[in-house]
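Number of protein chains: 4
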Amino acid sequence: MTNDAVLHALREFVAERDWAQFHSPENLAKSVSIEAGELLECFQWGPDFNAERVAEELADVLTYCYLLADKLGVDADQIVLDKLATTKAKYPVEKSRGTSAKYDQL
Amino acid sequence: MTNDAVLHALREFVAERDWAQFHSPENLAKSVSIEAGELLECFQWGPDFNAERVAEELADVLTYCYLLADKLGVDADQIVLDKLATTKAKYPVEKSRGTSAKYDQL
Amino acid sequence: MTNDAVLHALREFVAERDWAQFHSPENLAKSVSIEAGELLECFQWGPDFNAERVAEELADVLTYCYLLADKLGVDADQIVLDKLATTKAKYPVEKSRGTSAKYDQL
Amino acid sequence: MTNDAVLHALREFVAERDWAQFHSPENLAKSVSIEAGELLECFQWGPDFNAERVAEELADVLTYCYLLADKLGVDADQIVLDKLATTKAKYPVEKSRGTSAKYDQL
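Protein chains in written order, with the working numbering: chain H, 747 to 852; chain B, 747 to 852; chain E, 747 to 852; chain G, 747 to 852.
Hints are computed from structural coordinates only; laboratory data are not their basis. One thing to keep in mind: the hints can contain errors.
If chains are identical, the list can't say which one is meant, so a pair holds when it fits in one copy or spans any two.
[Said to hold, decoys possible] Using 20 Å as the maximum straight-line C-alpha spacing, the simulated SDA-like pairs for lysine to any residue come out as follows:
1. LYS836 with ASP821
2. LYS836 with LEU852
3. LYS817 with ALA755
4. LYS848 with ASN749
5. LYS834 with GLU802
6. LYS817 with LEU827
7. LYS834 with SER846
8. LYS841 with ALA751
9. LYS829 with GLY819
10. LYS848 with HIS754
11. LYS834 with GLY819
12. LYS817 with PRO771
13. LYS836 with ALA847
14. LYS836 with GLU758
15. LYS817 with ALA766
16. LYS829 with ALA751
17. LYS817 with ASP806
18. LYS829 with ARG799
19. LYS841 with ALA831
20. LYS829 with ASP816
21. LYS817 with ASP850
22. LYS829 with SER842
Looking at chain H on its own, in the form it has when it is part of the complex (with noise of 0.2 Å):
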């Protein structure tokens, strides 16, 4: 279960400034998708990184995360459980060891 101090003090944080009235779904989504894309942006020329600052951009993408497994009723860590039982039966691990391929090319 995703812990509940920071699910608290993102409750808090929205309910404060009264922005849940901008958090529909899809708006999280969308926010979801603009944050990975700050995250790129730290390897948008190659695999060197500043840490810190990958560290902030990635804080970011999971703070929307996090508030859209909320808004949805689902716990984060459950449905990365709950999808790492379907991800193993995809790739079975004589199939995939060592290999990037998808499942449908194993």
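Let chain H serve as the given structure and place chains B, E and G on it in line with the hints.
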């Protein structure tokens, strides 16, 4: 702190498949962006959505976020809380209440 | 065919700055995604937009698209027409009229 | 100016399917981001790529870019040239030659 069980499950999943070799920070950041695009696709033509599909795509974004945090050696929940402190300072309650304007336009 | 004047101007811009070394197809693809995120930011909280800002962000996406097409040795307009032929076959007029459903759900 | 034949073909494709109703600027901007993610997926695990697949995904990004430009009433090639003039001013040749640094760090 991110739930140990989730991190443990993700690390085991990657180790069993020998996939750490593909998981450079750069590749994980690309993966976050790619999955964020798939999440956005749930809302491509409007605000209506299939909750189950959104949860699955959100799980994919979160999975790569957790893997990237782990690779950086930071705790996902902690960087969210740290960034929240910064954001609170940029968006004081009295100035930002009820508006979606960016901090430099408040 | 993409207007020669545009391609010529872009190539000259890159050559003068000795930037071709950064413009691997991978880096250009990342750049398209990053700029697409900035374009999306114009619509983060809803459908209203600043037309001038949207045009500027769209121009950035297009610029990296043209540079990537040029790097691949393909003509931007031609690949659009080629893909349109494929898409027309996937979305026959009689089945797809007035619906935003994906081809596999028509 | 964008080739008339391309614009004509795209407009006819949309009109025949009665899809203009889905093509708000916001939805087209989301679509550009979604397709940019699919383009990026061609490079998810490294710089190697399938040129045919990249060209197809790039065509999808370009298609939505052209549709958005058309919706805004601007010419794709013209906004690229306009933006290039701005970018040239931000990145003077003598300061930016051979470096991928952002303009605010030159």
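Tested hints:
1. LYS836 with ASP821: Classified as neither: same-chain Cα gap 23 Å, cross-chain 28 Å, threshold 20 Å.
2. LYS836 with LEU852: within (10 Å within a copy, 26 Å between copies)
3. LYS817 with ALA755: Classified as within: same-chain Cα gap 15 Å, cross-chain 25 Å, threshold 20 Å.
4. LYS848 with ASN749: neither (33 Å within a copy, 28 Å between copies)
5. LYS834 with GLU802: Between copies only: 14 Å across chains, 30 Å inside a chain, cut-off 20 Å.
6. LYS817 with LEU827: both (19 Å within a copy, 19 Å between copies)
7. LYS834 with SER846: within (14 Å within a copy, 32 Å between copies)
8. LYS841 with ALA751: For LYS841 and ALA751, neither the intra-copy (40 Å) nor the inter-copy (25 Å) Cα distance is at most 20 Å.
9. LYS829 with GLY819: within (16 Å within a copy, 23 Å between copies)
10. LYS848 with HIS754: neither (38 Å within a copy, 23 Å between copies)
11. LYS834 with GLY819: Cα proximity of LYS834 and GLY819: none, with 25 Å in one copy and 24 Å across.
12. LYS817 with PRO771: The answer is within: 7 Å in one copy meets 20 Å, while 26 Å across copies does not.
13. LYS836 with ALA847: within (12 Å within a copy, 26 Å between copies)
14. LYS836 with GLU758: between (39 Å within a copy, 16 Å between copies)
15. LYS817 with ALA766: Answer is within; shortest intra-copy Cα gap is 9 Å, inter-copy 31 Å.
16. LYS829 with ALA751: between (24 Å within a copy, 14 Å between copies)
17. LYS817 with ASP806: both (17 Å within a copy, 17 Å between copies)
18. LYS829 with ARG799: Cα proximity of LYS829 and ARG799: across copies only (11 Å, versus 29 Å in one copy).
19. LYS841 with ALA831: within (16 Å within a copy, 36 Å between copies)
20. LYS829 with ASP816: For LYS829 and ASP816, both the intra-copy (17 Å) and inter-copy (18 Å) Cα distances are at most 20 Å.
21. LYS817 with ASP850: Close neither inside one copy (33 Å) nor across copies (27 Å); limit 20 Å.
22. LYS829 with SER842: Answer is within: at 17 Å inside a copy they meet the 20 Å cutoff, but 32 Å across does not.
Consistency with the previously given hints fails for numbers 1, 4, 8, 10, 11 and 21, ordered from lowest to highest.
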